[in-house]
Amino acid sequence: MTDVLIIGAGHNGLVCAAYLARAGMDVLVLESSDSAGGMSAPRTISDDYRFPGLAHATYPVCKAIRKDLRLDRYGYVAGTPIDTIALDASGQHLVIGGNTVSGGELPESDAGAFPSFKSQYLEFARKIQPLFLNKPPRLKNMGSADLKTLTRLGWNIRMGLGKEAMYEFLRVAAINIYDVLDEEFQDDRLKGAIAADAVMGSAMGPRTPGTVLTWLQRLQGELNGPLSSQGGAQLVHALTQSAEDAGATIRFDARVEKILIDRGKAFGVELADGEMVKAKLIISNVDPRTTLSKMVGAPRLDTMFANRVTQIRGSGVVGKLNIALNGLPVFDGLSESQLGNRLLVAPSMRYVEHAFNHSKYGKCSEHPVLEVTLPSLHDRSLAPEGHHVMSLNIAYLPHALEGGWEEQKATVAYKVISQLGEYSPNLKSLIVDHEFLTPLDIESEFGAVQGHWHHGELSIHQSFMMRPLYGAAQYDTPVDRLFLCGAGSHPGGGLNGLPGRNAAKRVLELGGVK
Amino acid sequence: MNIDHTHFRQALQRTPFHDRYAAMSTTEHWATWNTYKVPYVVDKLSTEYFSVRSGCSVMDLTPMEKYRIEGKDAFAYLDRLLTRDLSKLRPGRVTYVAWCNDDGKVIDDGTLFQLDENTYRLCSQHHQLDWLLMSAAGFDVQVAVETHDIAALAVQGPTSYSVLTAAGIHGLDDLKPFGIKDLQCNGFPVTVSRTGYTGDLGYELWTDPDNALALWDAIFAVRGQYDIHPIGLDTLEMVRIEAGFIMPGFDFNCAEATVRNGYDRSPYEVGLGWVVHLDKGHFTGRNALVAEKARHAKRRLTKLVVDGNKPVGEAFIYAGKNGKQVGEVKCTTWSPILKANLAIADIELRNGKLPQSLWARFDYQRELKWNTAWAECHAQTKPFYSPEHKSATPPNPF
Numbered sequence: 179m180t181d182v183l184i185i186g187a188g189h190n191g192l193v194c195a196a197y198l199a200r201a202g203m204d205v206l207v208l209e210s211s212d213s214a215g216g217m218s219a220p221r222t223i224s225d226d227y228r229f230p231g232l233a234h235a236t237y238p239v240c241k242a243i244r245k246d247l248r249l250d251r252y253g254y255v256a257g258t259p260i261d262t263i264a265l266d267a268s269g270q271h272l273v274i275g276g277n278t279v280s281g282g283e284l285p286e287s288d289a290g291a292f293p294s295f296k297s298q299y300l301e302f303a304r305k306i307q308p309l310f311l312n313k314p315p316r317l318k319n320m321g322s323a324d325l326k327t328l329t330r331l332g333w334n335i336r337m338g339l340g341k342e343a344m345y346e347f348l349r350v351a352a353i354n355i356y357d358v359l360d361e362e363f364q365d366d367r368l369k370g371a372i373a374a375d376a377v378m379g380s381a382m383g384p385r386t387p388g389t390v391l392t393w394l395q396r397l398q399g400e401l402n403g404p405l406s407s408q409g410g411a412q413l414v415h416a417l418t419q420s421a422e423d424a425g426a427t428i429r430f431d432a433r434v435e436k437i438l439i440d441r442g443k444a445f446g447v448e449l450a451d452g453e454m455v456k457a458k459l460i461i462s463n464v465d466p467r468t469t470l471s472k473m474v475g476a477p478r479l480d481t482m483f484a485n486r487v488t489q490i491r492g493s494g495v496v497g498k499l500n501i502a503l504n505g506l507p508v509f510d511g512l513s514e515s516q517l518g519n520r521l522l523v524a525p526s527m528r529y530v531e532h533a534f535n536h537s538k539y540g541k542c543s544e545h546p547v548l549e550v551t552l553p554s555l556h557d558r559s560l561a562p563e564g565h566h567v568m569s570l571n572i573a574y575l576p577h578a579l580e581g582g583w584e585e586q587k588a589t590v591a592y593k594v595i596s597q598l599g600e601y602s603p604n605l606k607s608l609i610v611d612h613e614f615l616t617p618l619d620i621e622s623e624f625g626a627v628q629g630h631w632h633h634g635e636l637s638i639h640q641s642f643m644m645r646p647l648y649g650a651a652q653y654d655t656p657v658d659r660l661f662l663c664g665a666g667s668h669p670g671g672g673l674n675g676l677p678g679r680n681a682a683k684r685v686l687e688l689g690g691v692k
Numbered sequence: 003m004n005i006d007h008t009h010f011r012q013a014l015q016r017t018p019f020h021d022r023y024a025a026m027s028t029t030e031h032w033a034t035w036n037t038y039k040v041p042y043v044v045d046k047l048s049t050e051y052f053s054v055r056s057g058c059s060v061m062d063l064t065p066m067e068k069y070r071i072e073g074k075d076a077f078a079y080l081d082r083l084l085t086r087d088l089s090k091l092r093p094g095r096v097t098y099v100a101w102c103n104d105d106g107k108v109i110d111d112g113t114l115f116q117l118d119e120n121t122y123r124l125c126s127q128h129h130q131l132d133w134l135l136m137s138a139a140g141f142d143v144q145v146a147v148e149t150h151d152i153a154a155l156a157v158q159g160p161t162s163y164s165v166l167t168a169a170g171i172h173g174l175d176d177l178k179p180f181g182i183k184d185l186q187c188n189g190f191p192v193t194v195s196r197t198g199y200t201g202d203l204g205y206e207l208w209t210d211p212d213n214a215l216a217l218w219d220a221i222f223a224v225r226g227q228y229d230i231h232p233i234g235l236d237t238l239e240m241v242r243i244e245a246g247f248i249m250p251g252f253d254f255n256c257a258e259a260t261v262r263n264g265y266d267r268s269p270y271e272v273g274l275g276w277v278v279h280l281d282k283g284h285f286t287g288r289n290a291l292v293a294e295k296a297r298h299a300k301r302r303l304t305k306l307v308v309d310g311n312k313p314v315g316e317a318f319i320y321a322g323k324n325g326k327q328v329g330e331v332k333c334t335t336w337s338p339i340l341k342a343n344l345a346i347a348d349i350e351l352r353n354g355k356l357p358q359s360l361w362a363r364f365d366y367q368r369e370l371k372w373n374t375a376w377a378e379c380h381a382q383t384k385p386f387y388s389p390e391h392k393s394a395t396p397p398n399p400f
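Residue numbers (my numbering), protein chains in the order written: chain A, 179 to 692; chain B, 3 to 400.
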């Protein structure tokens, strides 16, 4: 019998598979689609245009994973570093690097304040890193590992930050990014761009409490290296090779419908075609809500726990628009060489907040927040000669759009393109084809409930020892032999692989398949 | 629907039997039970008590929480809700059940009536609708409150079989304990179950509220032949302790309504281990109970016969006279029929066992002067009072 069965070959499933296979376990990964990568699997339209998955600009993967799984040997390289360009309607764009900001008549005070601000927040992010690299500590019946995590966290924050910085950290940790940025900066474009990063992927606006924390979570990625032009495809490829080399098997077109349980103990899964696959351990990379409510089912769980699963908050608000172009678009005020950077349409925090407000009431704003890349500028093989591919993340698109997505999908896509057209006059004329994934499509395609990138909101009440929910926060679930390893688990989404790594460590800590 | 818009003027609801109770009440000593006005004592406690033990008592059960559970998955739903293995329950039968929260702590206990293939009635001490509905996720089942739609009357005591037969309810002779039968009484339907909370021979009668007074009158029409008394909660408290029945919310805290950590109780701790079947498949609290079963029990509600005749209410229990404090008394009564001083106490165990010697240290008053005294307690495992006539089928006629 297979030792470990992992449901879903998304990057976290692959990370978990590779770790456990390396530990000598016999690992089988069941993937419902025909390729690995899940949300980060590349996509193709009109035969010749290839796009990154949902992630189109990433930070390097966590160093520990890179080393443990020998990803460099399997072809993983951190991509070309890129800057972020905060687009401005009058062509006064800002160029934001790791700790520099320039261009567009930026007030001198802001240009001066940015580097120290950024380094302070990177320092905050570094100090809470122990929380991310380990399983969340159990507050009751704490083990020695939990105590170590908390001690390191406490030590880092108190001794590592120093008194002043600690006070500042404790002040901002749970408040909103809007207030913090307003205290620090004057320039709307700069504040808008940072705020957009803090909330991208969450159903939160800059004024939502906890958005400093979501930004610190994003900065966890930047601790590994600068933002790059790379999507997830290369990482997925390296992970697949690493896992397979260690002996793991990946089976495609195998959709798991049900997790089989006998007397509280998981012993296998049932596939859509009725086939039964048995294993000593089951690990699900699928959204915890899908895993627990559908694959396990409330009747197999305790009443209160099953109820809490239904209360997990996480409604996706980001759509993905892939556009095939027959030429390179021109952006007013940007040189051709600048187009390979990440372009942001988030001209002010108010703009971002307004875009969010519409989504709260089931509507799409006429002025969405856009994150745009042109991947073909970094990899010429993605589009035919002279042609390009453009990738857009669009916030905020409600999962439950008033009037339904089917009716309005084309209209919304048109509005998005028109919005970007204000910065790039020739864009519309270059479009050959497009693919639009709404949160509803993301839900049906990737099993992420309500199309949420992170399988559940990264809000304080769903973080750390509360992620995805109390009773399953240490990767093991109330169902014996069933574990979670996806973005719904601590520390959450982003292409960091940490839930997969922490879950594998947890499985081994609990004695593996014994 | 005819809504009485002056209901707010009346603090407590009247049961369908209220008019008869009110007419017979000499004490006007009323209690509140689940928003209804019910008697503590109707006339005289000693008369009421002895009607249960040597005659026939009548008690209004309408305020008891009643839920109708029906649907394709009703059995599967109850199987996951309740700790007991229900596979032997059949239509027309009743069983005693308990249910726990995720932590394996008792929320409430009650009786489950299987009325039909896919229809059940669950009776409980406390309001449970939220828990029952929350537990329904994933099942094809409907849960509805029927507390206020059914008039219920407990007729209990050695002569209850003869009283009901004389009152015109025929067909009780082959009704076994925990059986249910749909019968007639003077032309209206009444469902009779051989169940009760007194530990004596007795029945519970269930009918439409419109028939309530007719049912009452039919029973009291044979009062000339038999000694029949309406009883109140004070009597019920005496007889239920004699029968060794525990009361959730009084003898132990109901989980989910307990605020302090560790103040709730598992079924093993309240002596309900016998309704927990860990092998039956998954039910809420099972994981926690499997873990608990593997350890020594920490405490148990224990039936005690206390030396002497002074009530030991609100007393602490000690391991030996002047020994270590190990528990506390939850309820007590003087049992007239046993001539014994009874108590149920929550006692800490050591290595899963009761201390060898148990003593109660209690306070009592004599002519307004408080005194402290010690009384030795003797633990019992069986009900204090369990007469043979309670389970005879057909019951003894009088």
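Keep in mind the hints are simulated off the structure, nothing from the lab.
C-beta: ideal position from N, C-alpha, C; glycine also.
A portion of the hints provided could be inaccurate.
[Claimed, not checked] Think about it this way: if two alpha-carbon atoms lie no more than 30 angstroms apart in a straight line, the pair counts; the simulated DSBU-like pairs of lysine-lysine are: (1) A/K436 - B/K282; (2) B/K300 - B/K326; (3) B/K74 - A/K443; (4) B/K295 - A/K458; (5) A/K443 - B/K326; (6) A/K692 - B/K178; (7) A/K456 - A/K326; (8) B/K392 - B/K178.
[Said to hold, decoys possible] What the simulated footprint calls covered on chain B by chain A, stretch by stretch (three residues with Cβ under 8 angstroms from a Cβ of chain A suffice, anywhere in the stretch; the number is not a length): (9) 114 to 120; (10) 141 to 153.
[Stated by the list, open to error] Computed far set for chain B versus chain A, every beta-carbon distance over 12 angstroms: (11) R82; (12) I109; (13) A168; (14) G283; (15) K326; (16) P389.
Each hint tested on the structure:
no. : hint            : result
1   : A/K436 - B/K282 : holds, 21 angstroms
2   : B/K300 - B/K326 : holds, 16 angstroms
3   : B/K74 - A/K443  : holds, 26 angstroms
4   : B/K295 - A/K458 : holds, 25 angstroms
5   : A/K443 - B/K326 : violated, 43 angstroms
6   : A/K692 - B/K178 : violated, 51 angstroms
7   : A/K456 - A/K326 : violated, 36 angstroms
8   : B/K392 - B/K178 : holds, 10 angstroms
9   : 114 to 120      : violated (count 0)
10  : 141 to 153      : violated (count 1)
11  : R82             : violated, 5 angstroms
12  : I109            : violated, 10 angstroms
13  : A168            : holds, 46 angstroms
14  : G283            : violated, 7 angstroms
15  : K326            : holds, 27 angstroms
16  : P389            : holds, 39 angstroms
In this structure, the earlier hints numbered 5, 6, 7, 9, 10, 11, 12 and 14 are contradicted, and the remaining ones agree with it.
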